[in-house]
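*Asks:* Chain residues, written in single-letter form:
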Amino acid sequence: MAQGASFPYEQVAEIGGGAYGTVYKARDVESGKFVALKSVRVQTDQDGLPISTVREVALLKRLEQFDHPNVVRLMDVCAIQRTDQETKVTLVFEHVDQDLKTYLEKAPVPGLPPDRIKDLMRQLLCGLGFLHSNRVMHRDLKPENILVTSQGQVKLADFGLARIYSCHMALTPVVVTLWYRPPEVLLRSSYATPVDIWSTGCIFAEMFRRKPLFCGESEADQLGKIFEVIGLPSEEEWPKDVTISRKHFPPLFPRPITDFVPEMDEQGAELMLEMLTFDPLKRISALNALEHEYLKEEETPDTERESVAVP
Amino acid sequence: MTLEDDLASAAATGNTAGVEDLLRKGADVNGVNKYGRTPLQVMMMGSTAVARLLLTRGSRPNVADRSTGTTPLHDAAREGFLDTVKILLEFSANPVAVDNSNCQPVDLARERGYGDVVAFLESL
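As you go down the protein sequences, you meet chains A and B in turn. Numbering follows the working numbering, with no gaps: position 275 of the first sequence is 275. Numbering follows the working numbering, with no gaps: position 9 of the second sequence is 1009.
Calculated directly from the structure, the hints in this document are not laboratory data. Keep in mind the model is a prediction, meaning the values are calculated, not measured. Treat each hint with caution, since some may be false.
What the hints assert, rightly or not - Mimicking EDC-like on lysine to aspartate or glutamate, the simulated pairs with C-alpha atoms at most 16 Å apart in a straight line are:
1. A/K88 x A/D76
2. A/K247 x A/D265
3. A/K296 x A/D265
4. A/K247 x A/E236
5. B/K1025 x B/D1005
6. A/K33 x A/E10
7. A/K33 x B/D1005
8. A/K33 x B/D1028
9. A/K118 x A/E291
10. A/K106 x B/D1083
11. B/K1034 x A/E10
12. B/K1025 x B/E1004
13. A/K61 x A/D76
14. A/K61 x A/E94
15. A/K33 x B/D1083
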């Protein structure tokens, strides 16, 4: 890690905040390009940085060596010692100046063409499959951290940070959106890679609808909204030892997903349901989703992707 | 945090509703945040809605970065956002502005291989 002697990045605006520190849009004054700076303050002792931080940063650097097209580049890591007890670790990421939220908002009526949605989904799942095969979970996938370049290339951002932060942050309540959270997280029962697939299913629906699928205002409300679509799971499926009881919810039957996402074809609907499956163990994986009939046909060659007009 | 800090952040995150709201509350569309930048300088370059809103409200298009001399048109061209390039020009951005490396917007687009942006800027 660089020890902060030369730090060629100049902050230009704050673009995110939280319990862990602030995220900045900054400019690399040498190349002129924008970057995203993400800092975390960690406690240090005579042995230096905590081993957990070193390990997580090493993992991110290892991922970087694969140069995967669908995740943002990690360009630099800097550690600046603040005091005897505190060091600020700054991760410097490539900054893509458009997110999926903005991309969907600017698509002309009636929204993105079906082939464009398919291409975005392929790239999104490809990035996710890569992270999952390297045992990295995103945990907070949403349209704001799925970036889309001017050429329509998808790049996932903010992955692998959850663990770095959670190791060190005081558990300050931060306002985070519930809309892309899976049932198992809302019920606090388990957290593994299927978490990201649920979020991807929600985002898949949003690509067609151009508005979120489940807009809950509290954790219970979020679950209620989910069950209005997928139905109330059976008693056997309900996880054991969770704080929210199944009896809390009305007995709802599943409704056709096409009632909520009308423009979608049959194969798309099938894949979406495989992603929006209540039981995380039965939910489709990123790699299997890529093999699904909906995404399988007519691979778009890279050369063609370059020429796809931005809506 | 001043209103101008918030306005710059809203612009940088492509939050059109937030920009609208802050302008209504009296944030200065040409004011700088604590890093000395205007909202147009730091906006999410792909957000045509934010670009148009700021420019319609009188944002000056040719403010250059104090360290690199980069204008918003340089940034939009370097990132390949043809739609934003067009909006900036509609509001009188200078297409031949030079940054501290003596580059014009078209040079940055060419360097990154954004043929559509190059063709458009050369056709002016």
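*Asks:* Evaluate each hint against the coordinates.
*Replies:* For each hint, the structure was consulted:
Between A/K88 and A/D76, the direct Cα distance comes to roughly 14 Å. Compliance with the 16 Å bound is thereby established for this hinted pair. A hinted pair counts as satisfied when its Cα atoms are at most 16 Å apart, and A/K247 with A/D265 does not qualify at roughly 35 Å. A threshold of 16 Å between alpha carbons decides the hint, and for A/K296 with A/D265 the separation of about 14 Å falls inside it, so the pair holds. As the CA atoms of A/K247 and A/E236 are separated by approximately 13 Å, the hinted pair is consistent with the 16 Å bound.
Annotation: proposed proximity of B/K1025 to B/D1005 holds, straight-line Cα distance about 13 Å (limit 16 Å). Taking the CA atoms of A/K33 and A/E10, the gap is about 11 Å. The hint holds against a cut of 16 Å. Simply put, A/K33 and B/D1005 have alpha-carbon atoms about 21 Å apart, too far for the 16 Å limit, and the pair is violated. Between A/K33 and B/D1028 the alpha-carbon distance is near 26 Å, which puts this suggested pair outside the 16 Å criterion.
For the suggested pair A/K118 and A/E291, the alpha carbons sit about 13 Å apart, so the restraint of at most 16 Å is met. Simply put, A/K106 and B/D1083 have alpha-carbon atoms about 10 Å apart, close enough for the 16 Å limit, and the pair holds. Restraint check for B/K1034 and A/E10: the C-alpha separation of about 12 Å stays at or below 16 Å, so the hint holds. A distance of roughly 11 Å separates the Cα atoms of B/K1025 and B/E1004; the hinted pair therefore holds under the 16 Å criterion.
With a C-alpha separation of about 9 Å, the suggested pairing of A/K61 with A/D76 holds against the 16 Å cut-off. Note on A/K61 and A/E94: the hinted pairing holds, with a Cα-Cα distance of about 14 Å set against a maximum of 16 Å. As the CA atoms of A/K33 and B/D1083 are separated by approximately 19 Å, the hinted pair breaks the 16 Å bound.
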